[in-house]
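Asks: These protein sequences, in sequence, are chains A and B. Residue numbers are given in the working numbering: position 276 of the first sequence equals residue 276, and the series is strictly consecutive. In short: position in the second sequence from 1, add 1000, done, that's the working numbering.
Everything labelled a hint here was simulated from the structure, so no lab data went into it. Think of the CB as a built atom: it goes at the ideal place given N, C-alpha and C, for glycine as much as any other residue. Certain hints may be false.
To be verified - To give a feel for the contact side, a few chain B residues facing chain A, derived at Cβ under 8 Å:
hint : residue
1    : Asn1004
2    : Ala1008
3    : Gln1053
4    : Ala1056
5    : Phe1068
6    : Tyr1071
7    : Pro1073
8    : Pro1109
9    : Glu1163
10   : Val1167
11   : Ser1169
12   : Glu1173
13   : Arg1283
14   : Val1291
Said to hold, decoys possible - Derived contacts from chain B toward chain A, CB cut-off under 8 Å, selection only:
hint : residue
15   : Gly1070
16   : Val1315
17   : Leu1319
Number of protein chains: 2
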Amino acid sequence: MKLNSCIAALPSGYLFAEIAKRVKAYSALHPDADLIRLGIGDVTRPLSKHVAQAMADAALGMSTPEGFHGYAPDYGYSFLIDAIIQGDYSSRGIEINPDEVFISDGAKPDVGNLQELFSADSRIAVTDPVYPVYVDSNAMSGRLGVFENGKWSRLIYLPCNAENDFVPSLPTEKADILYLCYPNNPTGTVLTFAQLKKFVDWAIEMDSIIVYDAAYKAFITRGDVPFSIYEIPGARKCAIECCSFSKNAGFTGVRCGYMIIPREVSGLCGTERVSLNRLWQRRASTKSNGVSYPVQVAAAAVYDEQGQREIMESVRYYLANAGIIRKGLAGAGGTVFGGTDSPYIWMQTPHRMKSWDFFDLLLNEANVVGTPGEGFGPSGEGYFRLTAFNTKEKTEEAVRRIAGVLAKL
Amino acid sequence: MKLNSCIAALPSGYLFAEIAKRVKAYSALHPDADLIRLGIGDVTRPLSKHVAQAMADAALGMSTPEGFHGYAPDYGYSFLIDAIIQGDYSSRGIEINPDEVFISDGAKPDVGNLQELFSADSRIAVTDPVYPVYVDSNAMSGRLGVFENGKWSRLIYLPCNAENDFVPSLPTEKADILYLCYPNNPTGTVLTFAQLKKFVDWAIEMDSIIVYDAAYKAFITRGDVPFSIYEIPGARKCAIECCSFSKNAGFTGVRCGYMIIPREVSGLCGTERVSLNRLWQRRASTKSNGVSYPVQVAAAAVYDEQGQREIMESVRYYLANAGIIRKGLAGAGGTVFGGTDSPYIWMQTPHRMKSWDFFDLLLNEANVVGTPGEGFGPSGEGYFRLTAFNTKEKTEEAVRRIAGVLAKL
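Start from the sequences, fold in the hints, and give me the full structure.
Replies: Dropping the structure here:
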């Protein structure tokens, strides 16, 4: 009985599991420590009352003959698909058809599962640093070769750092799939229309596909940054977009997201050109039974007037926290990026300290939990991620403590 | 840009999509037809009030600081894991550890995703007829060879039919993975302790793994039939068990299930013996963010006294329907199997009619939707599945109509 060695060969644990382990060990030794968590990207503010009430009503309705819902449509209820199209696309002048929207239990499963559509020998490109799921899910399927000296042998890395202003170069070798995430996790930086257009033009020319993770689009404040890759002409030919209710509506524990696969996006199966939309339909209807009905009702409530008002209150709250971190650390002599159109602040470690060392330092000296940049890829070394998802009070306190550590270095 | 040709090469649509298509076409031509659906295994009775109330309370609580829950533990909340262990295992004298339980959004995703742990050249065996997900998910990963004359070239089929009393023989060639589902979907038949023990002994001897789908265990009434494969000595070494809240608690639209992977179940990665429990942990934490909190609260409510009382009322209701179909069709001259410990009745088509022809006949002449046996595999040809999940009244009416069709043949 042989197993998938590619899973067993994955280096160490998933990043956040490793962080949890170190925090647990520290807490066991220091049970009274007042830890502040600016590490994992989990939200802290309660759900919108309006959205929670919609979910509760749907749940209770499930115990009545009129309100009961069995198997959901495989790709999502049309009431939610229509709300998404209207709220996120038509309203921006983007045309998306209902059969191009796929509701799921989150953007992480979507970006993790999507690679099943690609051939086993596809070449993958990612920006570096990067959200680990793009890499690990492809590694598990054996596409990335061997892991040596912190790098996968077949993965194409596009470094993003202070030197290039966190704007990746186009791949110089043939990449079949390019994962882009903007506003970016972990760096908190964005691409302008003009910068993103270069990637879309490249993908069309090279017959490549862009997987565009737009989970953080609700945080965009600048006018020259696209909310959707489909605001770029031609993107319907080459781009799949993944979105989430986790960060805009606080759904990390509710679980809902969606993926847009335009009919035009295609690739080769043998000599035949096949639509990825059709392929994903087959995959989804075989391996999933759709998303919980009360959850879909809750997601739809995000889009009505009251829902929008209530969720945007939280988004603004988190953006204000991001400003507190950005300004506070810059004022304390830190070098920081992101945090204006994103809940993430990307800071250079002081004196080019190793990022896991800085993690341990902040954990020990400031009782603040962040995320070491190296966990996001080789170019993340020397950087550190802080999130704006805690309370204003704890965020301010964390910044004070980190400033204290910086002052002593 | 090359795609996964194995998905594109899958024969026709997923079974239930094909049925939906034919029903839609019929309904378009006959908009006033009073269709009765005994086809897809979807439940119809509302959720237990108690369970729905628990979910609604949890949903509403999510809008308060005290009740809010962000990311769930990757493998499930311990309140649910403990309830499962107590309710489904300890109470039957089976020892399962909390880290051997994995909560998911359903048994279908679990049995669909589990194959990712197996090596690409693993040999798969299934009973025939079979729930299509076991086959299709492995076909998508390229393990089954080519599909010719209704069969996959590398898949090992274990026929189950009236001649062998629906008890499969042991595989005669080396099978790395054997999928068993009991009470069986689609045949509605069961294996006794003694019959299942033969498979467990075989798996241990052959270093094979049994994936045991126990989604229908709530329907077991006979005393000589195990509720869990772990009631068989040695099964902890070789068996993974998948369970669902869909059919016992009506969760087809709520989405929750769980999988048991004992620490002892292992296979080879190169020359190293690796625990499947550990491998699944890695897979789950990389590609999922756990299950919706209100859904897990609802699932836990299934296990308390009121929850059990209310859900078992529905199970008994469906079992009574199964009795109505079984006795009604037998009385009308039909040959029927299953339906005593299962919500499914498996009937031989009259005069060995092709099962899709019988499907069309019942749709046209009786306005009853069933599922053609051929959709479940080559040995399903000449059989037809009917489900007990409709109302008593509609079930009785459907039986009357089918009996009318049988009388005319």
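Asks: Does each hint hold? Answer for all of them.
Replies: Against the structure, the hints come out as follows:
Look at Asn1004/B: its Cβ gets to within about 6 Å of chain A, closer than 8 Å, so that hint holds up. Annotation: Ala1008/B was flagged as interfacial toward chain A, and the flag holds, the nearest CB pair being 4 Å apart, inside 8 Å. Given hint, Gln1053/B at the interface with chain A, holds; its Cβ is 7 Å from that chain's nearest Cβ, closer than 8 Å. Taken as an interface hint, Ala1056/B checks out: its beta carbon lies about 4 Å from the nearest beta carbon of chain A, inside 8 Å.
With 8 Å as the threshold, the beta carbon of Phe1068/B comes within range of chain A, its nearest partner Cβ sitting at about 4 Å, so the hint holds. Look at Tyr1071/B: its Cβ gets to within about 5 Å of chain A, closer than 8 Å, so that hint holds up. Among the interface hints, the one on Pro1073/B is violated; its C-beta lies about 10 Å from the nearest C-beta in chain A, farther than the 8 Å criterion. Given hint, Pro1109/B at the interface with chain A, holds; its Cβ is 6 Å from that chain's nearest Cβ, closer than 8 Å.
For the restraint placing Glu1163/B at the interface with chain A, the shortest Cβ-Cβ distance is roughly 31 Å, beyond the 8 Å limit, so the hint is violated. Among the interface hints, the one on Val1167/B is violated; its C-beta lies about 24 Å from the nearest C-beta in chain A, farther than the 8 Å criterion. Violation of the interface hint for Ser1169/B is found here, the shortest Cβ-Cβ separation to chain A being roughly 20 Å, above the 8 Å cut-off. A distance limit of 8 Å between C-beta atoms decides the matter here; for Glu1173/B the minimum to chain A is near 14 Å, and the interface restraint is violated.
Proximity of Arg1283/B to chain A holds as hinted, the smallest CB-CB distance being about 6 Å (cut-off 8 Å). Nearest Cβ of chain A to the Cβ of Val1291/B: about 7 Å, under the 8 Å cut. The hint holds. Taking 8 Å as the C-beta cut-off, the interface hint given for Gly1070/B holds, the closest approach to chain A being about 4 Å. For Val1315/B, the shortest C-beta to C-beta distance to chain A is roughly 16 Å, which exceeds 8 Å, and the interface hint is violated.
At its closest, the beta carbon of Leu1319/B sits 18 Å from a beta carbon of chain A; the interface hint therefore is violated under the 8 Å criterion.
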